[in-house]
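Trainee: This is what each chain is made of:
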Amino acid sequence: MRLKLVSSNTSINFLKFHRLAVLFSSILVAGSIGLFAILGLNLGIDFRGGILIEARHNSGPADIGRLRGELESLGLGDISLQGFGTETDILVRVQRQKGDEKAQIAAIQLVSTTLGDDYNVRRTEFVGPTVGAELAEKGIMAVVCALLAIMVYIWFRFEWQFSLAAIIALTHDVLSTIGLFALTSFEFNLATVAAILTIAGYSINDTVVVFDRVRENLRRYKSFTLVDILNKSLNETLSRTVMTSVTTLLALMAIVVFGGAVLRDFAIAMIWGVLIGTYSSVFVAVGLLSRFDIKRNDDDEAETPEYERS
Amino acid sequence: MLQFQLWKKLLVAAIAALGIIYALPNLISTNNSAAFLPGKKINLGLDLQGGSHLLLRVDIDAVRKERLENLGERIRRDFRTKKIRFNALVVSDEAVSLQVRDENDRAAAQQIFVDLGNDYSTTNDGNAYQIRFNDAGLALMRTRTVDQSIEIIRRRLDPEGTKEPIIQRQGLDRILVQLPGVDDPEAVKRLLGRTAKLTFQLVDISMTAVEAEQRGRTPPGSVLMESANDDGYNYLIEKRVMVSGEMLDGATATFDQNNRPAVSFVLNSNGARRFGKVTGENIGRPFAIILDGKVVSAPTIQSQIFGNGQITGDFSVAETNELALVLRAGALPAPLIILEERSIGPGLGADSIAAGKFAGVIGLVLVAIYMVLSYGFFGGLAVAALAINIILIIAALSALQATLTLPGIAGIVLTMGMAVDANVLVFERIREELGKGRSAIAAIDSGYQRAIATIIDSNLTTLFAALFLYVFGSGPIKGFAVTLGIGILTSMFTAVMVTRLLVVIWVERKRPTKLIL
Chain A
1 MRLKLVSSNT SINFLKFHRL AVLFSSILVA GSIGLFAILG LNLGIDFRGG
51 ILIEARHNSG PADIGRLRGE LESLGLGDIS LQGFGTETDI LVRVQRQKGD
101 EKAQIAAIQL VSTTLGDDYN VRRTEFVGPT VGAELAEKGI MAVVCALLAI
151 MVYIWFRFEW QFSLAAIIAL THDVLSTIGL FALTSFEFNL ATVAAILTIA
201 GYSINDTVVV FDRVRENLRR YKSFTLVDIL NKSLNETLSR TVMTSVTTLL
251 ALMAIVVFGG AVLRDFAIAM IWGVLIGTYS SVFVAVGLLS RFDIKRNDDD
301 EAETPEYERS
Chain B
1 MLQFQLWKKL LVAAIAALGI IYALPNLIST NNSAAFLPGK KINLGLDLQG
51 GSHLLLRVDI DAVRKERLEN LGERIRRDFR TKKIRFNALV VSDEAVSLQV
101 RDENDRAAAQ QIFVDLGNDY STTNDGNAYQ IRFNDAGLAL MRTRTVDQSI
151 EIIRRRLDPE GTKEPIIQRQ GLDRILVQLP GVDDPEAVKR LLGRTAKLTF
201 QLVDISMTAV EAEQRGRTPP GSVLMESAND DGYNYLIEKR VMVSGEMLDG
251 ATATFDQNNR PAVSFVLNSN GARRFGKVTG ENIGRPFAII LDGKVVSAPT
301 IQSQIFGNGQ ITGDFSVAET NELALVLRAG ALPAPLIILE ERSIGPGLGA
351 DSIAAGKFAG VIGLVLVAIY MVLSYGFFGG LAVAALAINI ILIIAALSAL
401 QATLTLPGIA GIVLTMGMAV DANVLVFERI REELGKGRSA IAAIDSGYQR
451 AIATIIDSNL TTLFAALFLY VFGSGPIKGF AVTLGIGILT SMFTAVMVTR
501 LLVVIWVERK RPTKLIL
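Just so you know, the sequences run in chain order A and B. Start counting the first sequence at 1; every next residue gets the next number (this note's numbering). Start counting the second sequence at 1; every next residue gets the next number (this note's numbering).
Please keep in mind that the hints were generated in silico from the structure rather than gathered at the bench. A portion of the hints provided could be inaccurate.
Unchecked claim - To be clear about the criterion: a stretch of chain B counts as covered by chain A if any three or more of its residues have a C-beta under 8 Å from a C-beta of chain A, and this derived list gives those stretches: (1) 336–346; (2) 366–379; (3) 456–469.
Note that CB positions come from ideal geometry on N, CA and C, so glycine has one too.
Please put together the full structure from these sequences, using the hints given.
Mentor: Next up, the structure:
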């Protein structure tokens, strides 16, 4: 007996839900942009500049209430204190201090003195305003360039319609991930940018697998309508889509539960990405293809790639 | 697709064997027992082994200001010796400006400016002259200042040359410092936070500092300087430098006769001669020990002092140790500004590795169980390939001496989930072919044949994402991109070659006519 989450011979009419998916995705993207505009992102110190200190109480649980009072009375402006992972660990975030870099360094010293000998400082991160702006710029560049490169590659390997559909689906994933971060006010930092790019990588992987099958079926079933071919392709790849999503989710769950506090947010963002990426491959990317007029009789042009000839 | 030539089989086996050999040193806990193995251990990032990452900016403007002030003094001197009269010599942040009084002296003045050297350019508007650094002079100054700073930083952070810090120039005026295994990052910042310019200058006794403050004017050749003890006390100090830090031959932390922490120093022969001369002439007068523009102490000269002496002040033992170290290493040519700091304690790094390893093992077990439940024997083959894949990732990271960071560990765990994808694509394809009623061997053959194009297409696109992460990422993110990229390449190899080889061997042995997948 084999474990099969999806039976081998499904014939689900995915494209029947196309309108519903368009509605849902539009709301999702518009909502994400709206949330981003209204709430903004909880930018980490990587982009905003500021100070982050992780400390562990030497004996027993951290006294967050008392410590919060003491830290707030330092007059360092916006300062946040939270438990981190275990009850002995705390994370202190201090806003960027007025003045130059020296003021920031002085603030770090002030916080560590206030923590005193009871706490062992395990991590200190400080990002000055200049570097923060540069990191933000680089992060945006990385995402935009990656999306463009993927678009060009798909264009090169498929038709332009595929490329356009894929890039819209990817943008959909990226925007809705940003929306998730705006909604939950999870910290948005460099690791989040890495997560977004990995989500883009995962989602495009999924999309390309379906597209490959669409291209193959377009050549094979000349008499089928486009919608039928798309549905057939989705059904044929469905069990693989589910299989891969589940294995990836299993690995990510392991990180969320056992990987420690630093990686947890990263893994949670990735889990969201796997879900939204799988959805967008099926409903957004392929759904969009059904709206395009795809050239069909191109047998002579569509060269079989060399590695496909055995 | 089911024909594997012997050389291909050997190649796959050889790569797997190489992978194991290069991955092995990471299993051996001690450093030296791995001498018989060719590879090294994975290079752990600072976030895993603990340490400090600092991005510093060299304050070039401060150096320029200082150089321009010296230049102003030199021009003043040269004008005096040539007896050229001038007005209003002003040193600003960017230029020295002055007014030549007599038009007939202009040619002589021009000659003085030319003699200053190639680093400067002179502009004039009538008799008003401005001398500033030209682009080449500025570039040269920047390079020299940054290079010198790197040298001094190395001497301060790694006096014994054992800690292997990475100290690199970045961009025009930045220095990246990566110092593994730091227990006290604050101490590192203190070491870099001061230029440590040490001078000995006489105290001006023609009037007290308070009198000078009240007058609002200091005697020519003297300046007011703050005390280093933050007591608001000022000193009136003669500008002339008796002895400076470059004349030190050594400095050590010690205790004075009252058993208070102090730093004793030894002067080189030039410094000793000058110090001896000045102290001999000024017995009974106080002189000031000035560190970075602040007066540390101002003892009275009891007797002529030559080669060595002591700096006392309001110091703790730790402070005298640090002061002695920075004095030995020499003064920084310019102040350093810390733009970015990321310091991780060794305990946190070890915890992260442990958590990452544990998550990895759990992830692997979960994926393995799921694969075997889904595909039975073939799932087992995929798990074997996955194990080889992980070994290859570790081997590649070790061989390339790439840096493994905490997000990199997440990358490896994530790769486990995604690496089976290629196998899943093949297996699903084989299932489909079987569903069409093909024989076992035909189904396996065409399953591989059809899936490979998809595998390459889908993996190459993900590789693009990793590439841009690498290009634009910094620090730990770069590490993540490297592991993700390597993971994609090795998983393509293991799925297309290793699993297929295992399947081929199985087919050759069993010659199956029926296949349940």
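Trainee: Within the segment 366–379 of chain B, is the number of residues with a Cβ closer than 8 Å to a Cβ of chain A three or more?
Mentor: holds (count 8)
Trainee: In terms of beta carbon proximity below 8 Å, does the segment 456–469 of chain B have 3 or more residues touching chain A?
Mentor: Three-residue rule met by the segment 456–469 of chain B, so holds; n is 13.
Trainee: Three residues or more, CB to CB closer than 8 Å: is that satisfied between the segment 336–346 of chain B and chain A?
Mentor: holds (count 9)
Of the hints listed earlier, there is not a single one the structure fails to meet.
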